[in-house]
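In terms of the numbering used here, the sequence shown is residues 1 to 207.
Source of the hints: derived by calculation from the structure; they are not laboratory data. The C-beta atom is built at its ideal place from N, Cα and C for all residues, glycine as well. Treat the hints loosely; a few may be bogus.
What the hints assert, rightly or not - Below 25 Å or equal to it, Euclidean Cα-Cα: the simulated DMTMM-like pairs (lysine to aspartate or glutamate) are:
| # | residue 1 | residue 2 |
| --- | --- | --- |
| 1 | K35 | E103 |
| 2 | K137 | E175 |
| 3 | K75 | E25 |
| 4 | K193 | E74 |
| 5 | K193 | D57 |
| 6 | K75 | E27 |
| 7 | K181 | E121 |
| 8 | K193 | E203 |
| 9 | K200 | E143 |
| 10 | K51 | E120 |
| 11 | K193 | E120 |
| 12 | K137 | E121 |
| 13 | K181 | E156 |
| 14 | K115 | E64 |
| 15 | K51 | D148 |
| 16 | K137 | E103 |
| 17 | K137 | D177 |
| 18 | K201 | D187 |
| 19 | K51 | D37 |
| 20 | K132 | E64 |
Unchecked claim - DEER-style ranges, computed between Cβ atoms:
| # | residue 1 | residue 2 | range |
| --- | --- | --- | --- |
| 21 | F128 | G86 | 39 to 47 Å |
| 22 | R188 | E103 | 31 to 39 Å |
| 23 | A196 | P119 | 23 to 31 Å |
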Amino acid sequence: MITLYGVPRSRSLRVSWTLEELGLEWEYQFINFSKGDSRHPDFLAVNPCGKVPALIDNGNVITESAAIAVFLAEKYGEGRLLPKAGSDASALHHQWISFITNELEQPLWSIGKHKFAIPEELRLEAMFTVAKWEFDKAAAIAEQWLPDTPFLLGAEISVADILLAQTLMWATRFEQDIPPKLAAYRDRITARKAMASALKKEEACAV
Numbered sequence: 001m002i003t004l005y006g007v008p009r010s011r012s013l014r015v016s017w018t019l020e021e022l023g024l025e026w027e028y029q030f031i032n033f034s035k036g037d038s039r040h041p042d043f044l045a046v047n048p049c050g051k052v053p054a055l056i057d058n059g060n061v062i063t064e065s066a067a068i069a070v071f072l073a074e075k076y077g078e079g080r081l082l083p084k085a086g087s088d089a090s091a092l093h094h095q096w097i098s099f100i101t102n103e104l105e106q107p108l109w110s111i112g113k114h115k116f117a118i119p120e121e122l123r124l125e126a127m128f129t130v131a132k133w134e135f136d137k138a139a140a141i142a143e144q145w146l147p148d149t150p151f152l153l154g155a156e157i158s159v160a161d162i163l164l165a166q167t168l169m170w171a172t173r174f175e176q177d178i179p180p181k182l183a184a185y186r187d188r189i190t191a192r193k194a195m196a197s198a199l200k201k202e203e204a205c206a207v
């Protein structure tokens, strides 16, 4: 059995979405940060960082959303969600994942940290200006790189698409400006049935 620990609409959605794209059976464990679930010894035994997502697959614990999604695609995808290893498409896929997690996502997480995640006495109002500048710069590059194909690598969805679309959803949540081509891409990718199914399951478990 696959168990995903997460919070709805967080980076755990990347994993639940991947699970749904692959048609896998999985269960969801909602981690309620406001009730201290992330600091409970049982969860810290799963992820000592106290963060989501975390996934258990047949006793194997994996953390970090991009790593989990790639692992699932490698193990269960049978050619879906990942390009052939060593191919030019695989190199581009690695590039997109690194760019998304290192450049596009990080300013958004800076906003999140200074809005709600770190102690109030450490929050800096100036970080919002810095983060917006960083995000705008990264989003402009993503807009420039976005191909004229249905997905980042062509005709088929990949893990990188899931990561990029979820990151853009997060940007919308944090009221960031998204370039028009990138916004249209976000709307198209997030309209997939697998995303809706993943979000529905997450939110049902969080009630």
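- [ ] For the pair we were handed, K75 and E27, check the Cα-Cα distance against 25 Å.
- [x] Measuring from Cα to Cα gives roughly 18 Å; hence the hint holds.
Open item on the list: Run the distance test for K200 versus E143: straight-line Cα separation, threshold 25 Å.
Closed with: It is violated: about 29 Å lies between the C-alpha atoms, which goes past 25 Å.
TODO: With respect to the beta-carbon atoms only, verify the hint that R188 and E103 lie 31 to 39 Å apart.
DONE: Roughly 22 Å apart at Cβ, these two residues miss the hinted range, so it is violated.
TODO: Quickly compare the C-alpha distance for K181 and E121 to 25 Å and report which way the hint goes.
DONE: violated, 39 Å
Task: Holds or violated: K132 to E64, with C-alpha atoms at most 25 Å apart - done: holds, 24 Å
- [ ] Mind checking the alpha carbons of K51 and D37 for me, to see if they're no more than 25 Å apart?
- [x] With Cα atoms ~10 Å apart, K51 and D37 stay inside 25 Å; holds.
Open item on the list: Hinted pair, alpha-carbon criterion (25 Å max): K51, E120. Please report holds or violated.
Closed with: Answer holds: K51 to E120 is near 19 Å, not above 25 Å.
TODO: Take the C-alpha atoms of K137 and E103, compute the straight-line distance between them, and say whether it is at most 25 Å.
DONE: Given that 25 Å is the threshold and the Cα spacing comes to 9 Å, the pair holds.
Task: Straight-line alpha-carbon gap K137 to E121, limit 25 Å - done: violated, 29 Å
Open item on the list: Does E64 sit within 25 Å of K115, going by the straight-line distance between their CA atoms?
Closed with: holds, 22 Å
- [ ] For the pair supplied as a hint, K193 and E203, confirm whether the alpha-carbon distance does not exceed 25 Å.
- [x] With a Cα-Cα distance of about 15 Å, the restraint between K193 and E203 holds, given a limit of 25 Å.
TODO: Quickly compare the C-alpha distance for K51 and D148 to 25 Å and report which way the hint goes.
DONE: Not satisfied, since the Cα-Cα distance of roughly 36 Å exceeds 25 Å.
Violated hints, listed in ascending order, are 1, 7, 9, 11, 12, 15, 22 and 23; each of the other numbered hints is respected by the structure.
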